[in-house]
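Count the sequence shown with mature numbering (1 follows the signal peptide of the UniProt record, and there is no 0) and you get residues -27 to -1, 1 to 536, in order.
Hints listed in this document are in silico derivations from the structure and should not be mistaken for laboratory results.
Any given hint could turn out to be false.
[Said to hold, decoys possible] BS3-like, lysine-lysine: derived pairs with alpha carbons at most 27 Å apart:
hint, residue 1, residue 2
1, LYS480, LYS493
2, LYS188, LYS57
3, LYS394, LYS376
4, LYS376, LYS365
5, LYS267, LYS342
6, LYS342, LYS365
7, LYS365, LYS179
8, LYS315, LYS48
9, LYS270, LYS179
10, LYS222, LYS267
11, LYS270, LYS243
12, LYS480, LYS365
13, LYS222, LYS342
14, LYS390, LYS48
15, LYS57, LYS270
16, LYS342, LYS57
17, LYS483, LYS365
[What the hints assert, rightly or not] Quick list of simulated restraints, FRET-style, between CB atoms:
hint, residue 1, residue 2, range
18, ASP185, THR310, 50 to 60 Å
19, LEU195, ALA316, 53 to 63 Å
20, GLU420, LYS57, 25 to 35 Å
21, GLY220, ILE293, 30 to 40 Å
All C-beta atoms in this analysis are idealised placements derived from N, C-alpha and C, irrespective of residue type, glycine included.
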Amino acid sequence: MRQSATNMVFPMVFLKLAQWLLYQVLAKSCYKTATNLIKKSTFFFFTNPSSKPLHNISTTSNNNNNYNNLPHVTKYNPHHPERKNQTLVCDMQGGLLAAAGPSAHSFFPYFMLVAFEGGSILRAVFLLLSFPFVWLLDSVNLGLRAMIFVTFFGLRKAQMDCVGRAVLPKFYLENLDPDVYGTLASAGTRVVITGVPRVMVEGFLKEYLGVDVVKGTELHTLGGFFTGLVVGSGPLVKHRALKQVFGEKMPDIGVATSGIHDRLFLSLCKEAYVVNDRGNKNKSGDPPLFPREKYPKPLIFHDGRLAFLPTPLSALAMFIWLPVGLLLAIFRIFIGTCLPYKAAMFLGSLTGMEIRVEGSDPPRPENGKGVLYVCTHRTLLDPVFLSTVLAKPLTAVTYSLSKMSEILAPIRTVRLKRDRKEDGATMERMLREGDLVVCPEGTTCREPYLLRFSSLFAELADEIVPVAMDTSVGMFYGTTASGLKCLDPLFFLMNPRPTYRVHILGKVPKEMTCGGGGGKSSFEVANYIQRQLADALGFECTTLTRRDKYLMLAGNDGIVENH
């Protein structure tokens, strides 16, 4: 069977290469003849004799194909006074997303995100293995059907809802095409008609882009699970769906790719614009990321393990790296827990770990009490890295931390109970015994925002040292809201070159504390330190809390079971 499959694949690859070569050789010589025949034919599918011609196509042009006269989307005027009264129709695949072209496999990275984050590593591996066959199918419908089946077969609908709400929006926002987004934002009524599954895009389009109507391929479900099959005769055909939505009425504006599959779609719009290949690309050959400051709404919370858009090549690199990364993470854990601080930092740097330190530890107070270090919360390893940088043992207070994480922690941890009086007594006792580190946000945040600080710490100490901590990763996030939190440190340490930045600020002035003559309220102190840390990192302060994060990403209050 294996030999037979191999014998089938290689002829298919050869035929595809031969087809490409013949096209390159014959295209120029046959182009004039073919286009003249098309021009004379009254049955050419782009021609619509029953409707008026597009007003932005020049009918007196000397070009052989009127479709080539369609203006690029950059020629669109969003400031026209009638725009707010007009209806715009565009596509998600190859339109709104700068990194996705009109072909089926161009949407592969987003299917991979669903397979990996909503399914499992095995499902993601199988999807990657199927990619060459998707490419060889050379058909939008067949390729899309294949990816839908592999990605969704047996997947819980609830898991897809979670991925659509917490994982995909980050990657959609980063890969928005600025020209198409500006066009969409100017219209009064926004409609997106796309061949990709509706469940993958609808939540993002309505929540972040204010789209009024979303038409996409519908998937069949059975008992809360996807069957991997599409409803009806196949994936959605855009021009047919447009007719279903608008009937005989033509939408005012249409935006789509310059591919052959979108020609009839655009011919049904009064005013049409095309999205060609983006010339503005970065060194890696990908379009630049959409600027964060132009997001339609702030992206503060998101979930998932993958920190990159898993294109076929990058996904392949990740799976090749996984066994190496696992061994590397185990070695990093070993040196961090078993070796002296300086040796751990030296060996860690040899493995690719980078720790950047700014500032120094202030002198110990004369009253014999410990120092209270107040940190921003980026991963569960914040207190561990602070202890390593300061080269001294610290005690970390935690809330709802898994038992496994407590057992593996190389520093002492003390669990809080969310009882203000009891937790305050516990922290005071810890400060009498030594230095204490606390993360008042109560949960991690990946983006450049600080969550609201709990004010309890400000009531317990006058010797407060703010510590601004930040991380950067290239492959895996070391935090999760819906997954196993005991694996968070492992995923962070599996990154090839993870970075920790530790900025130790000076002690909080006595006049800005509750005691010591300051007379400030605990809320004033907490807000002051939050602002100080945000300024040091270039972050923004928010009033959002742990509960807000978990309700949005996981649909619960953030209580972690003891696993």
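Can you confirm whether the C-alpha distance between LYS480 and LYS365 stays at or below 27 Å? Holds. LYS480 to LYS365 sits at ~18 Å (cutoff 27 Å).
Can the restraint linking LYS188 and LYS57 be considered satisfied, given a maximum Cα separation of 27 Å? holds (21 Å)
Taking the CB of GLY220 and the CB of ILE293, does the distance hold inside 30 to 40 Å? violated (52 Å)
Between LYS57 and LYS270, is the straight-line Cα distance small enough, at 27 Å or below? holds (20 Å)
Has the hinted range 25 to 35 Å been met by the Cβ atoms of GLU420 and LYS57? holds (32 Å)
Taking only the CA atoms, is the gap from LYS394 to LYS376 under or equal to 27 Å? holds (24 Å)
Straight-line Cα separation of LYS390 and LYS48 no greater than 27 Å? violated (59 Å)
Would you check the hint for LYS376 and LYS365, treating anything up to 27 Å between C-alpha atoms as holding? It holds: about 24 Å lies between the C-alpha atoms, which stays within 27 Å.
Straight-line Cα separation of LYS222 and LYS267 no greater than 27 Å? violated (33 Å)
Regarding the pair LYS270 and LYS179, is the alpha-carbon distance no greater than 27 Å? Holds. LYS270 to LYS179 sits at ~12 Å (cutoff 27 Å).
Is the hinted pair LYS315 and LYS48 satisfied, with a Cα-Cα distance of at most 27 Å? The hint is violated at about 59 Å.
Whether the CB-CB distance between ASP185 and THR310 falls inside 50 to 60 Å: At 55 Å between Cβs, range holds.
Of the numbered hints given earlier, the model fails hints 5, 7, 8, 10, 11, 13, 14, 16, 21; all others are met.
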